[in-house]
Amino acid sequence: MDAKVEAQPTVRVQAPVVAAKKRDEASAAQHDVKLAAGGVNLWYGEKQALFDVNLEMFDRSVTALIGPSGCGKSTFLRCLDRMNDVIDGCRFEGEIRLDGDDIYAPKVDPVQLRARVGMVFQKPNPFPKSIFENVAYGPRIHGLATSKSDLEEIVINSLTKAGLYEEVKDRLDDSGISLSGGQQQRLCIARAISVNPEVLLMDEPCSALDPIATAKIETLMDELRDSLCIVIVTHSMQQAARVSQRTAFFHLGKLVEVDETSQIFTNPTDVRTQDYVTGRFG
Amino acid sequence: MLGYVLLLLIGLAVVSYFFARRRAIAAVQGKEHELHSRPSYHGAYVAAWVGIPSVLLVLVWLLLQGPVIDSLLLWSLPIGTTDGMSDGQIDLLLSEIRSVAAGNIFGEPSPVVQEAAERYQSWKFIARWAMAGVAMSVALVGLILASGRISPEFRARHGAERILSGLMIACSLIAILTTLGIVLSLLIEALRFFDRVSPVEFFFGLNWEPQIPIREGQVTAGGAFGAIPVFAGTLLIALIAMAVATPIGLYSAVYLTEYAHPKVRAVIKPVLELLAGIPTVVYGFFAVLTVAPALRQFGETIGVPIAPNSALAAGAVMGIMIIPFISSLSDDAIAAVPRAMRDGSYAMGATKGETITKVLLPAALPGIMGGVLLAVSRAIGETMIVVMAAGIIASLTANPLKPVTTVTVQIVTLLIGDSEFDNPKTLSAFALGLVLFLVTLALNVLALHIVRKYREQYE
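As they're listed, the protein sequences go chains P and B.
FYI, numbering that gives the first Met the number 0 numbers position 65 of the first sequence as 64, with every residue one higher than the one before it.
FYI, numbering that gives the first Met the number 0 numbers position 46 of the second sequence as 45, with every residue one higher than the one before it.
Footprint (simulated), chain P over chain B, 3 or more residues, beta carbon under 8 Å:
#1 333-340
#2 350-363
Below, a list of computed lysine to aspartate or glutamate pairs in the EDC-like style, where the Cα atoms sit at most 20 Å apart:
#3 P:Lys128 - P:Glu166
#4 B:Lys357 - P:Glu132
#5 P:Lys128 - B:Asp342
#6 P:Lys160 - P:Asp221
#7 P:Lys128 - B:Glu353
#8 B:Lys351 - P:Glu132
Not everything, but these chain P residues come out facing chain B in the computed CB check (under 8 Å):
#9 Met82
#10 Val85
#11 Val110
#12 Ala114
#13 Gly117
#14 Phe120
#15 Lys122
#16 Phe126
#17 Pro127
#18 Lys128
#19 Gly137
#20 Ile140
#21 His141
#22 Arg190
#23 Val194
Think of the hints as simulated: they come from the structure by calculation, not from any bench.
Using N, Cα and C, we set each Cβ at its ideal position, and we do this for glycine too.
Whenever a hint applies, use it, and build me the whole structure from the sequences.
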């Protein structure tokens, strides 16, 4: 039954994405800078993982981070919501400005920061709770809902935005783990957007999913982009080309090149980028 | 004699191992790769056929030898000797014959007994040598048959492995059969008890006074076997123990998995688990000599009378003892929650505390429950601490400052001292033991079931 429901959108996906991208690439430059990383260096213990990364990410657009395994793109993504803080022996240097304010400033509480910057992980990681409770988790801990009906509204809204509500509306009390992989990932997206974040970080969100579920997530990203700054790490260059307006290429912990997505894939300036996007290494 | 026979059989098995090895190598003129099985498998196969049947035969022989000789003896006595004798008297006669045969003569044995003793002596001698002879010939037959099969094509490895797996099955069967035997012996004695005392009185009676006269003219209470106060006391002490152990165990598990530096954890965890290795008798001393007087003194200063053998003292010390059960299993359960759950929660802007209470503990709850249930069954079955620190008089109370008694304490007091094994007082111990066994068994099964169900969740 699931397959039938999920099979429909695949055909629809491509066309709007391409059309939307044309529109946005023209206007991407006009968007404000949402996140700006300046001189970011990062060490895991003795080993340096990032070298002087400078990157601007625009509001209401998708920025893709690509590069071979171990190039530091996921590490950089995790700097953007200070998730590296919880790793022992991790040392950060530099600044990352969210709307102009340095998120690594001493007065910033990472807990509050993470309410503004949501994150979706590589492997779907719903909590072993009901579908409803999974989405209600964020609003509850941040006190966003004053009444039960408020909370229900938030949950239904988030599930609808994540394109999951129609599939699960009759079983909101079922365990989140009982869903299929693609549904779990959309549940995680619903969970992430339930607290109205300004930025959504996605760490290879589709690498554990089949093509149909991937297409759904990509459509979803395209919709969410209207109100969010999205930064996505991906191993699939086709995905980067499909969903992003700007693409940044990382190699060996350094940011090699960043430009409009079409530019990166058709006419990169750096030879390493060219080798990578044409599949000569990585 | 028996020792020599067994040694001889084992020696024979070892020798036949090397013999079969050499024969296997000789069978292919030293070209070992032409053998289906390595020479040592041929050796093991033959050795097993030499050793196992003959040793088994010796064991069975020993089991049957006594009864067979006894019945032969009775049959050989002059006709009419045992007429009108009860089973007990016949047993007595047989043991008299045996002790005369062994040279322990008291007084003047009758000629019939003397004669029988001589017969007994000679039969025993015959039986001994017959056993040795038969066992050796079984071993030799095994050797001849098994080594006759040695050839390049013979699949000795398959045979040896089958024998090995048979041995392993036998070993695990021993454990299962022992459990079964324990249950049966409990059950039979408990049924004998319920013959004398009605189950209704036992399970629902509120009065436990098992002191009944065991010899005529003794002045004691009439005897009452209502076990409710005993069960209630057990429950009270177990509850106190759990009230102590659950929070301490759980919080230390959370600290160890989420807060402690790895180096601190490497020290604290083994030390905490050391608690489980302290002999319970030492905990008993601790309860009686340290905790109970301290409690009592504290009670005096605030004007509350606390009994010297209060349920509180015994329960609290027992709680300390079972902390490692809870902390260790909870620790495993919390650590087994995938890192992705923590990341997911932190990424939502949850604090460490929120992550622990709202994500980690619910996710680990089945594992924690399993630990708690195992701890409960341990607390209910624990004997030494309560024997030393809890009371003996069964009183029905929920006040932890009063003395109560437990099932295990009652079993111990019922079975020590002079007592016959056919009066309700002693037999009631078996009924209590049976109930205790069933309760802890049920708790263990439940706990294992929960833990196993939980293990499947993330895999």
